[in-house]
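Visitor: Top line first, the protein sequences correspond to chains A and E. Residue numbers 1258 to 1663, in the numbering used here, belong to the letters of the first sequence in order. Residue numbers 27 to 421, in the numbering used here, belong to the letters of the second sequence in order.
None of these hints come from the bench; they were simulated from the model. Computed from a predicted model, the values in this text were never measured in an experiment. We put the beta carbon where it would ideally sit given N, CA and C, even for glycine. Incorrect hints may have been included.
Said to hold, decoys possible - Below, computed lysine-lysine pairings styled on BS3-like, alpha-carbon distance capped at 27 Å:
(1) A:Lys1532 / E:Lys253
(2) E:Lys250 / A:Lys1618
(3) E:Lys407 / A:Lys1554
(4) E:Lys253 / A:Lys1618
(5) E:Lys247 / A:Lys1618
(6) E:Lys352 / A:Lys1618
(7) A:Lys1502 / A:Lys1347
(8) E:Lys407 / A:Lys1618
(9) A:Lys1618 / E:Lys215
(10) E:Lys247 / A:Lys1554
(11) E:Lys247 / E:Lys401
(12) E:Lys253 / A:Lys1554
(13) A:Lys1532 / E:Lys407
(14) A:Lys1554 / E:Lys250
As the list claims (entries may be wrong) - Non-contacting residues of chain A with respect to chain E, defined by C-beta distances greater than 10 Å in every case (computed):
(15) Phe1291
(16) Val1437
(17) Leu1471
(18) Asn1582
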Amino acid sequence: MRRLKVFRSLVKDSLDTTTQGSKKYHIWMAFLTFVMLVGMYCYSVQLEYGLSATGMTDRVSWGLYISNFTFLVGVAAAAVMLVMPTYVLKDIDFKQAVLIGEGLAVAALIMCLAFVVADMGGPSVLWHMIPGLGVFNFPNSMLTWDVLVLNGYLFLNISIPFYILFRRYQGKVPNPKIYVPGAILSVFWAVAIHLVTAFLYQGLQARPFWNNALLGPRFLASAFAAGPALIILVLAIIRTFTEFKIEDKTIKKIGMIVTVAAQINLIMLVSELFKEFYAPTHHSESAYYLFFGLHGKTALLPWIWTAIPLNVLATVLLTFGKLRNNLKVLYFCCFILFVAIWIEKGFGLIVPGFIPGPYGKIAEYTPTGIEIGVTLGIWALGAFVFTILAKTAIKIETGKLRFKTK
Amino acid sequence: MSGIGKYFKLNLNSATKQTSGSCGCGSSSGGCGTPKEDTSETSYGCANTSGGCGSQPQSQTHISDEDFDAAVDAAIGEGPKKDGFDQVFDVQMDRRSAFKKLTASLLIGAGAVSTSCSVTTGEDSKEKAQIDWEEQFKGNYKLMTDEERNATVERLVRSYQLRKKKNINMSSKDAEKDVLFGYAFNISKCQGYMDCVSACVEENNQDRNSQMEYIRIHEMKDGKGFKFEEADDNYYHEVPAEGHFYMGTQCFHCDNPPCVDVCPVQATWREDDGLVVIDYDWCVGCRYCMAACPYDGRRFNWSTPEVPEEEINKNQHYLGNRMRKKGVMEKCTFCVQRSRAGKNPACVEACPTGARIFGNLLDPNSTIRWVLENKKVFRLKEDLGTEPKFWYFMD
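Using the sequences provided together with the hints, build the complete structure.
Guide: Right under this line is the structure:
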């Protein structure tokens, strides 16, 4: 009964918190709302005309939506890189960052689910996919595994921070016996969500570009580079705009994680390129299309040749401790690394899987305005959700928001 | 023998159902408890479908009375439904009754709205709304009992009647026993006329706007072998072109189909006679099957498919050429509406050169068996382990 009262008060307080703020905050939220509305309008157009409103065709049947979905699963999985040292290894440095990281994971997962729904041809019959209500093709279909692990991870990442914040809100200390097992579970779970997402593609014998054993590990490496890179950027923003204290030491430690992951990712990229281009087979055509274009079709060249130099540059800069420990350089590196991996793992992974087609047909893919509008809307949704979560969490963590017994 | 009984039974059912009118709500709720376990078995293999159903016919005549009672009960608000999610979870629970009440109130609401708007067509639009509702929340065709299958077929026929004032004929004929369909393609004979393509489009009611075609004819250069990547599958010139040969591809109805494994909702499956089919109403449109198919055999309805009314083939099968909607997959079914009626698929019939051969692989006297036994046949991408039932050969 008391808990219910506290919960009600928490909801009320967080509503107050999220609706009040500086002018900059209001402009930011208004901007996000506007982009979301534009996205919703675009989605309504897509609902009316079907997926023909997008650039996808029978030849390239997955595009921008699934690209973003794949990338964001990685971002969600990256929260674990902060959870593990904090909860499991008791590294106090990360305690400040971990709630932010988990909030980011929640926002990323919501975006993932939104992208999947946006990609569906029949969103009105999506209940067919709910275990129990519909028919769940488990364990045959990797997509059902993905539904399970993504929702499970979402649950974990909502419940752990909620428990901690709920205790803090009442001025109590969270009991590690309750949240540490959950945190340990989420460590394994994070690896699972990304590996399962990789298996989604890796298991298709029809698409040689995806059907390689390195895809899963490479997913993990790139995720653990791009995700913490985003966390660093977010922490930098939070540090400037709120009184939430994040020490340089914390950010530098996360920078270390980004560096190692980026290095491993680069090694795997080299290994992949070697395999595709040293002794090219019929199966290397997709890679040729991606990096050099095929028969004059070169739509992806500007993208991939932006991503590769950015990736290499960021990794090289990060490798030198002196440069990495300069926060300005670190932020710059994180930004370009994030962009590079978004391209590489989104567009650069999904689209070439379909080109050339099963019989060698090359049909290129360009997203339409509607598709881009929906995509931006979903990103705005993610930012919106994250802002709300972070604002409440920060207020509780800094001790400004407490349950008042009247 | 039980198989024959089953098909006899199926037709009989559809006949009785048609006379009983379209109280879809009642008929879909056939509350017989026994098939529950059967349905859960069917989700693993189609072989069980026939087994499970084959043992039912004797009891079905008894059930029809109970069925009627259940229908009455369902109309009042009692009695378990056996469709939709109940196929998997047939447990009595509160949520369901709440759900049912929601259904009823929505139906009443929809009916009330439509009747208040129009005086003359009140009954029709009410029926339409009811049909739409039941179609939205029906179960997976693969797991339906025979009664449920007939009920949905009947609803679809009635719905078409209400909307277009025309009658269509829709079958839900099951796979026959000792039949496994196979296909052979004579590369030496094909001249690239593409009569098969147009016959297929007409037969299977494919979207005319997007020019969807199940069959692709690849024009290849002589002396270069099978170079698909250099072939032209979209030519508009006189055929046969000098120095070229032709090769057709479509869904190969693999015996080990990767598209079936990846479907998250079992909306596509391999039937007992080897056909890989789709329940268009169960498909959620994720297009995972499309990514998994190594043969470019699947097509997606990117927008609402449109076929001019006078061109619609009204002889339809639930799993075959019935009208699709936007956002669902479709594919070649070897013209299930024809092949299960003992006819050749439209492409085979239309081919002017006799390059296409279709038949029952289990019948030792069939032409397809003769081809497989006497010609040097091969299949595409055999290294993938998909076991296509589509062979190529040369004279």
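Visitor: To test your reading of the hints: which numbers does this structure violate?
Guide: When the structure is compared with the hints, none of them turns out to be violated.
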